[in-house]
Amino acid sequence: MARHVVARVADVPPGSRKLVTIKNREIALFNVAGEYFAVLDRCPHAGASLCKGRLTGLMSATGPGEYRYSREGEILRCPWHGWEFDLRTGKSCAEPNRLWIKNFDVTTAKSDEIEGDVAVAEAPAGEPEQLTATTFPVAVEEDWIVIEA
Amino acid sequence: MIDLGGIDCDIHPTVNSTADLVPYLTGYWREMVPMRTMGMLDLASYPPSNPLSARDDWRSANGRGGVELAKVQREALDAFGTRLAICNVLYGGPVLYSDDMAAAICTATNDWLADQWLSRDSRLRGSIVIPTESLELAVEEIERRAGDPRFVQVMVLCMGEMPLGRKHYWPIYEAAERHGLPIGIHAGSSYRHPPSSIGYGSFMLEDYVAQSQTFGAQVASFVTEGVFEKYPGLKVVLIESGFTWLPSFLWRLDKTWRGLRAEVPWLKRRPFEIVRDHIRMTLQPIDAPDSGNQLERVIDQLGSDDMLLFSTDYPHHQFDGDAAMPDLIPASLRRKILVDNPLQTYPRLQEAFA
Amino acid sequence: MSVDTLERVVETTVDAGVIDCDIHPAPKGPLGVMPYLPPRWQEHLKRFGNNFRQPFTGGMPYPRFGDGNRVDARLPDGGYGGSDLAFMQKQHLDANNVAYGILQPLAPNAQSQRNLEFSAALATAVNEWQLEAWCRPDQRLKASLVVPQEDPEASAQEIRRRASDRSFVQVAVAPRAIEPLGRKRYWPIFAAAVESGLPIGLHVGGFGGSPPSGSGWVSYYLEDHHSNAESMQALITSLVLEGVFEEFPELKIVLIEGGFVWLPALSWRLDKHWKTLKAEVPHLKRAPSEYIREHFWFTTQPIDEPQKPQHIRETIDWIGWDRILFSTDYPHWDYDDPATALNKIRMSEAERRMIFRGNAAALYGLD
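Residue numbers (numbering that gives the first Met the number 0), protein chains in the order written: chain A, 0 to 148; chain B, 0 to 353; chain C, 0 to 366.
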């Protein structure tokens with residue numbers, strides 16, 4: 000496992016998301032109310048891109064007809080069949096013991112903690128099929144998002 | 000004659016006419032029922048003369064099956080070496096539109112069953128017939144019978160006014176669970192709705208085949224409404240439903256649930272697992288080819304040895320001769336189907352069988 | 000900065016391209032087919048709109064999750080999934096190497112309208128819209144001939160009027176009609192279809208007025224969605240028992256989006272009880288399962304997912320590998336992707352080719 004710089008903090012404000020690539024694996028990065036989550040982008044069911052899915056809260060119930068709502072924005076619904084995954088743990092809401100998506104630790108780092116240039120693989124807006132590997136010189140003082148993978 | 004030595008979970012002592020029930024009515028209804036020409040409350044689902052309703056060799060002189068105690072004893076019980084049999088009376092009480100009339104006929108039906116059948120052969124047990132659509136009166140009838148250990152189940156018809164899992168019906172399940180009584184859903188329709196989602200067809204055969212589809216809808220209803228979350232001790236038995244449709248039905252229910260979990264968030268497990276724990280099915284009819292390994296495959300697909308309960312469905316015509324338990328049923332399951340699963344499902348039977 | 004471009008690799012299951020037997024084009028907005036209606040019906044559509052056997056003017060009585068489509072099928076400008084040909088080509092037809100796609104227009108719903116004249120006007124408008132907005136600009140796309148099904152004579156006329164345009168590959172009838180489709184009142188539709196050499200495509204849906212189960216109205220979309228499989232079973236029962244295939248021995252029926260894993264059990268049940276009650280249906284000369292084997296095809300989506308995929312293979316073995324037609328249901332939420340949907344089912348190359356292309360090509364005359 001190694002730490003990869005994937006984006007500037009400024010590029011992923013609260014409520015936004017970004018598709019990044021680490022070692023040819025696509026990873027969906029989310030900022031939920033200031034907290035970062037990252038999961039492998041591919042849904043284990045049929046391979047849909049999870050980065051396109053809707054974020055909801057946790058729909059639960061204490062009993063039939065007794066609805067509860069919590070954890071706003073922390074549940075990721077696959078954009079195709081609606082399978083729900085808990086962003087914190089990667090586990091499926093329906094079958095947590097059997098189904099999950101790989102999740103990754105996300106931290107931030109200041110530029111002076113980073114050696115050399117940063118190679119960031121990202122898709123231009125609206126062109127998810129075109130992944131472009133871009134290299135940025137790290138000279139300016141900035142905050143960066145780091146994923147351990 | 001064969002000696003299976005089992006528990007038959009579906010036989011049909013049959014009301015010959017409403018005149019049989021009149022002695023069990025009192026006061027107002029004793030006067031009204033004969034006066035209003037209610038002599039024939041046979042269910043449209045089982046017209047007495049139609050070939051399914053009775054096997055020819057099981058008919059009495061008047062053309063009806065299941066109306067004579069001696070014949071039932073000889074043909075349903077002795078012929079198979081049956082040690083206990085559960086009587087499911089199919090008559091019009093539950094489907095009458097007037098609540099009070101329905102309740103009166105149901106009470107009389109249960110009284111008739113107890114007096115004319117259960118008291119006359121110690122092998123016989125009964126299902127409590129209830130005015131399903133009238134909740135208070137239905138619960139009253141359950142409370143009235145629950146103290147009689149010969150009543151082992153509460154029976155409703157497959158096609159009623161609403162899907163059975165809906166909260167509207169929950170007082171029935173509360174009472175049943177409290178008394179340790181399974182809910183038996185028996186094939187048949189109240190005809191409050193067309194027998195399928197595509198409208199009224201032309202033939203009785205069509206309606207009969209359609210029963211399995213609505214049994215599926217009832218399974219889905221019980222599961223998705225969370226009946227078993229609320230009543231974890233409840234068991235539901237599908238009676239005369241067929242069973243070979245169930246595995247493929249549940250594959251789809253599981254798949255759909257995975258995407259729509261949030262609509263019914265009280266479910267903690269996938270539907271197939273819930274069904275394995277709470278739902279049972281009687282053996283007849285066996286909707287499978289007479290040869291080959293298809294039946295064994297489907298039973299394997301159920302993924303559980305606990306779900307099938309032996310039945311003959313006497314006097315309905317589901318098999319010829321004494322082929323109630325065909326050789327195609329894997330030998331390793333026979334004892335479970337004949338004895339263990341019925342005893343597990345109907346705790347009130349255990350004492351008699353010990 | 001140095002830039003390398005990484006192309007997304009798309010697996011194709013059949014080199015010559017798959018045939019997708021269920022794609023849903025959508026009009027641009029509720030008045031999207033307006034240009035195809037004569038003025039009298041344009042007025043009617045604007046002022047009165049839909050008149051169905053259900054409580055809402057346009058919404059679904061069992062609301063879907065989201066808008067019913069894949070989230071990523073929404074157009075970049077916010078438009079409804081399936082309403083733009085260019086986006087459909089890019090996201091689906093090109094990306095998934097679709098050689099032919101069979102259109103199933105679900106909205107506007109012409110078939111279930113209670114006003115029969117409006118039903119007929121809308122049906123022919125939807126047919127014209129399919130041709131002009133979809134089939135002519137993209138030759139891969141084939142149309143389903145929508146008919147005002149509760150007026151079978153008008154339906155027969157629409158079929159005869161349109162059938163010579165070979166962009167139409169089947170007649171579209173909704174399973175939830177007022178009566179089961181096997182009933183004689185619908186037979187003029189079958190006669191016209193057979194005359195024209197067109198199969199009937201029955202895609203789940205319709206508002207016939209009957210509840211989704213024989214015991215009334217279910218509570219949840221989950222239940223309603225599942226009940227489509229039960230509707231298909233009732234449909235097969237009706238078509239077979241009414242003797243439709245004795246009267247129309249060349250008729251072919253495609254059941255779309257109803258699944259197929261229930262078919263063996265239904266066939267066994269039909270055969271068994273037909274033996275007991277056959278005196279009620281003396282017009283049947285053969286066992287129900289024989290009619291089923293000869294006259295029905297089934298699309299794959301939504302493919303079932305039992306714990307043991309082997310069970311699906313066994314089911315297809317029983318039904319016949321030549322009866323199964325691949326479909327995606329693009330752009331709906333329960334879409335099946337050609338690259339992944341059937342991967343768990345062990346198949347030979349020949350079987351794969353039949354399902355993904357050969358069977359549909361033969362049935363619809365596409366190669």
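By construction, these hints were calculated from the structure, which means they are not laboratory data. For glycine and all other residues, C-beta sits at the position ideal for the given N, C-alpha and C. Treat the hints with care, as some may be off.
The list that follows gives simulated cross-link-like pairs (lysine-lysine, DSBU-like), each with its CA atoms no further than 30 Å apart [what the hints assert, rightly or not]: (1) A:Lys51 to A:Lys22; (2) A:Lys51 to C:Lys27; (3) B:Lys70 to C:Lys27; (4) C:Lys307 to A:Lys101; (5) C:Lys89 to A:Lys22; (6) C:Lys89 to A:Lys51; (7) A:Lys51 to C:Lys274; (8) B:Lys335 to C:Lys307; (9) A:Lys90 to C:Lys343.
Computed list of chain A residues with no C-beta within reach of chain B, every gap over 10 Å [as the list claims (entries may be wrong)]: (10) Asn30; (11) Ala32; (12) Ala60; (13) Gly62; (14) His80; (15) Gly81.
Starting from Lys51 (chain A), check that the Cα of Lys274 (chain C) is at most 30 Å away, please.
With a Cα-Cα distance of about 54 Å, the restraint between Lys51 (chain A) and Lys274 (chain C) is violated, given a limit of 30 Å.
Just to be careful, I want the Cα atoms of Lys89 (chain C) and Lys51 (chain A) compared with a cutoff of 30 Å; is the pair within it?
holds (17 Å)
Cβ separation check - Gly81 (chain A) to all of chain B, threshold 10 Å
violated (4 Å)
Run the C-beta distances from Ala32 (chain A) to all of chain B and say if the shortest one exceeds 10 Å.
Since the minimum Cβ distance to chain B is about 21 Å, Ala32 (chain A) lies beyond 10 Å and the statement holds.
Can we confirm that no CB of chain B comes within 10 Å of the CB of His80 (chain A)?
Non-interface label fails for His80 (chain A): nearest chain B Cβ at 4 Å, not farther than 10 Å.
If you draw a straight line from the CA of Lys51 (chain A) to the CA of Lys22 (chain A), is it 30 Å or shorter?
holds (21 Å)
For Lys89 (chain C) and Lys22 (chain A), compute the direct alpha-carbon distance and say whether it is at most 30 Å.
holds (27 Å)
May I ask you to check that Ala60 (chain A) keeps its beta-carbon over 10 Å from the closest beta-carbon of chain B?
violated (4 Å)
Hey, Lys335 (chain B) versus Lys307 (chain C), does the alpha-carbon distance stay inside 30 Å?
Status holds; Cα separation ~25 Å.
The output says Gly62 (chain A) does not contact chain B. Does that hold with a beta carbon cutoff of 10 Å?
Answer for Gly62 (chain A): violated, closest chain B Cβ roughly 6 Å.
Is it true that the CA of Lys307 (chain C) sits at most 30 Å from the CA of Lys101 (chain A)?
Measuring from Cα to Cα gives roughly 24 Å; hence the hint holds.
Restraint check for Lys70 (chain B) with Lys27 (chain C), where alpha carbons must lie at most 30 Å apart:
violated (70 Å)
Of the numbered hints given earlier, the model fails hints 3, 7, 12, 13, 14 and 15; all others are met.
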